[in-house]
Amino acid sequence: MSKEKRYWMTKDDVTSVGSVAGPADLEMTSTEWNRRDFLKTTGFSLAAFMTACSKTPVNKAIPFLIQPEEVIPGKAYWYASTSHACGTGCGVLVKNRDSRPIKLEGSPDHPLSQGGLCPVCQASIIELYDSKRLLHTKLSGKEVSWNDLDKSVVQGLQKAREKGQQIVLLTETVTSPSTIYYIQKFLKKYSNAIHIEYDPISYSAILDAHEVNYGKRILPQYDFEKADMILSLDADFLGTWLSPTQFTKDYRKNRNLEAKHISKHIQVESRLSVSGAKADKRIVKTPAEMLQFVKDIEHSLQGKDGHGIALEIAKELKHYKGKSLVVSGVNDLAIQILVNRLNDALGNIGKTVHLKNPSFQKGGSDFAVAQLLTDMKAGKVGALLIAGVNPVYDLPEGEQFGELMKSIPTTVSFSAKNNETTELCNGVCPSPHYLESWSDDEFTAGVLSMTQPTIQGLGDTQTFRKSIAGWAGFSDDERNLVRNYWKKIYTTRKKGSQSFNRWWDNLVHDGFANIKAKSLSIGRFTKGSLPKSEFNNGLTLMAYPSLQMLDGRHAENPWLQELPDPITKLTWDNAASLSSKKAKELGLSQGEVVKLTANENSVKLPVYIQEGQSDEVIAVSMGYGRKGTERFKNLGPEWIQKKATLGDGELVGERINHLLGRNENTLSFSGISVIISKTGKKKDLALTQTYNTLKNPENTSPPSMEVRPFIQETTFDAYKKDPSSGAHHGHQVVTLWKDDHPYNKHHWGMAVDLNACTGCSACVISCQVENNVPVVGKDEVFRRRDMAWMRIDRYYSGEGDDVDVAFQPMLCQHCDNSPCEPVCPVLATVHSSEGLNQQVYNRCVGTRFCANNCPYKVRRFNWFDYAHNDELENMVLNPDVTVRSRGVMEKCSMCIQRIQEAKFEAKQKGIPLADGDINLACQQSCPADAITFGDLNDPESDISKLVEDPRHYHVLEELNSRPTVGYLTMVRNRKEEKGGNHHG
Amino acid sequence: MQKQFKLITALIFVFGLIIVINNSTFRMPGNQQNYEPIQPIDFSHRLHAGEMEVPCQYCHYGASQSRHAGIPATSVCMNCHKYVSATRNDLRLEEEQAAAEDREMRPLTSLEIIKIYSAMGYDTQGNPLKDKKGKSVEWVKVHNVPDFVFFSHKPHITAGVDCADCHGDVASMERIKQTENLSMGWCLDCHRKDHESLEAAPERTQLLLDCATCHY
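Line by line, the protein sequences give chains A and B.
Using our numbering, the first residue of the first sequence is number 103, and each one after it goes up by one.
Using our numbering, the first residue of the second sequence is number 2, and each one after it goes up by one.
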């Protein structure tokens, strides 16, 4: 028997000391009854009794007044559009029911997203129905009409011009060609105006490095599909870096196990990222070490003094010349120049790095912002128009920026919500949600993405484009501003010979069009000289965008706040991640609040102990501590023991942007010298991975059962020799069950490819939107009552720095021998004739026996009627799925509503259901195509083929629950075998 | 004495129960059989579906394509009522009277049709008013199923179920009334039957008895 590989979820599993994190004893507190509790409860019972006596309410049925053509109530319509939630520009299909969008799905034809959609974009739909959105224009705090606002702004602009002061347009990266056109017109009209772009999560160094090396400030497009060897230096390209959905799709294509070889992915990083979790080889380095490391690789490539691991990597890179790719997410000019040199030396330009068709997703300049600050200090700025960004929060000098803004006579902010910056502006212009607006965007050269409104605007909103065009002297409606621009220039950019009307209709219908890319003159490669980098040695701070919050613009999105971080599994908070070694050295334990001081600013954060992280790095996620998040203080069901989760004026998490520094005008997100000190306080962390685990409790498990094989893992070398390597052997399954489920018609099944899954959590949010899964609030997460039907279990293996991470999406396994079914006393959970385990809400009486008996811990109990009193927010609910009431159990239904819908459709057409007709919510959204669903009775279906795959296995197979959801062994492209995975 | 007292109490309870059950107003919670609410417009299905033989799906066009059969938009009413503004009898009377008095016929609009016109924002003759906006008619929904039931008209129409099978003889109803109790048992009566009586080919129908056929 080979050495067993241990999988664990939290450090407590390994050390077996201490209790699980989180206030486990919360439920034990304050059980005493006093007079008030008694009155509340009797009063409630009486009220409940009286309500039961009331008459059936009269329902109104209000039809349309004028029948719109081709709109049938109750039927879903799909419109192609583009998501603007995360800035990468994924194509979406918007599901519209009764004139309101209720679900976003990746548009399969779109060249960028190719059918996938990230969790942030999926969740952004609820922001459309946010009742705290800005709906009216404001001038000095008073509601005014757009006309009055325009007048006042134009006056301000003229005054600035007369005084010879600067007019500054401060925006995020503008990707819309029509907006750029109107901005140029505006700049022409106001000759003293300048346009500054910046990205809160900056890519400035990459752009600047290309200016040094190629004479043009561009951001190349990276092709992960063609890269056989990927070296990523702190670029979380599967999680948050640049265009993660596109990269995941491309990356996946080159990880196809049927091929003779798959790509090899080496991640050099200081914290544990989603990409690092997926990597074949992970090397942990501090930012300072990383710089040296890249230099070593360059030296080794040139045949100079190479040694150690750098030489090894250099050799491998050389082996894959022209088919390799080096990327870096460090916002440091020196590292980025070195990356460019490596890519050039390896002949990757034009193959995996495309300079001629660059990306326009990010184009901001840190230098320009620094310059703006200097100008503001000197009093040169007379008018500041801000759109799409929140500098007071984003910039390290935010506070100072806010102070300086007060002395500028005209300040206008375009924003969908109140934020730190709008509070300080004279003029506030409400921006529409992207689902209410027209836009044209060229996110990458040659692909024009279209955004069309899918709902009548909910407020008196107006895009930045319309305002700036108006101030430049072009007034037209939103659609025509875009359309007329393209009418003017389409002949120069269109492909093919369509008439304009035809071209435009196709563009709106498809959501995108391929156009001619503007020709770029790229200079010859020059080596450039390396500037000095300021990476400090010793303990340093690293700020990273978390997968849920990114730069913080979605902080008021409850779905994203409650989405557990794929790695830390933390919800509703950010924390200072420390390696366990460092924490021990400093005498810190999880949850202890520490004070971090950097760049003369400090922040207090709870400690989170993170494996696989550099000992000299404290990693903190950005995007938290946003104003407006105080609204979540009392989020959650109303009940006697409810506790507020935030103090007065407290925000969700802590802002850390003011701890960042600047190095030669680029913003440093890492390598910042930091001082850590104890505060003596503790804070509970709302972690989800400490419960609902499949782990055997120590006091009940026999010694031989200690390692339960949830994850199967192998190496590519071993897989080539034996496709079933990594599988568990020798489970003798004895059954007492009669085979009394014939499954004559369909037998639904699912397979999740662990080799593909990146843990990005898109499926989790997609499931939440599709199935009306409620948000429970931080207090309830503490009480272990989160309601997600689908969760992603994260397992570690290995020790110290050198940990491997495995993700396992866990949902109802729809067992053929379901352990939940026989224990239900009221037959509320029963087996369907198609192999699904059905939960019948109206039968359920809430004994919770089923959840107790479920070995996979996927059942969720409605302890409460979760809040559905925000009528606007209720618009996002899927009308095809019941909103569950208090006291019933729920769980994954395998999107039965989608199965039914597809059946109805097929029946009406009179044709049998075909493989692929049914797309489950989780499956559809997956950027890695990890989920396959279909009919096991159809031998030709994809799922039937996967079940026959030697990699296919069931979790907890030894229980003989016979799940219909199976998993496929994870394969890492590495030679050495880190421990076996066999037992029994 | 004690025994007799108990017996009397029990008898009173049983009689009370019999009275309550026999009383036609008693029914299980949620059962709205024979519900016949007054509607904002006295629309007659007997006249439209019965006498005039307008097909059900002319107005309830959603039935074959959506879960909702739908209540027609007021503009659908106007397809006919642009031209038909009063009952035949009223028009004939007016015609006779006009002939007798030797004058032109006066335009006639019945009181119920005026309600449609005013919903559209028209005057009593059916001519659009300039500054008046329309407002949808708020009908009272008659057939309700609980939130935890998914019902779709589409597969039923596909399977060839006749509207009257569930909605009763609408063609003879002056005001619409719920004739069936819409309980689960009533649904299953049909779902358990073999579907030979249905028009559609038998292979297109199957016994659908899984809970998740309707509950999700």
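What the hints contain is simulated information worked out from the structure, not anything from laboratory work.
Treat the numbers as computed from the prediction; the structure is a model and nothing was measured.
Idealized CB from N, CA, C, for every residue including glycine.
A couple of the hints might just be wrong.
Some chain A residues close to chain B (C-beta under 10 Å, calculated; not the full set) [unchecked claim]: (1) Lys590; (2) Thr594; (3) Tyr943; (4) Glu1007.
With a cut-off of 10 Å, does the beta carbon of Tyr943(A) approach a beta carbon of chain B closely enough for the hint to hold? holds, 5 Å
Holds or violated: Lys590(A) as interface residue toward chain B, Cβ cutoff 10 Å? Violated. Min distance 37 Å.
Interface hint compliance - Glu1007(A) to chain B, C-beta minimum distance less than 10 Å: holds, 9 Å
Does the CB of Thr594(A) sit less than 10 Å away from some CB of chain B? violated, 43 Å
In terms of the numbered hints stated before, the structure departs from hints 1 and 2, listed from lowest to highest.
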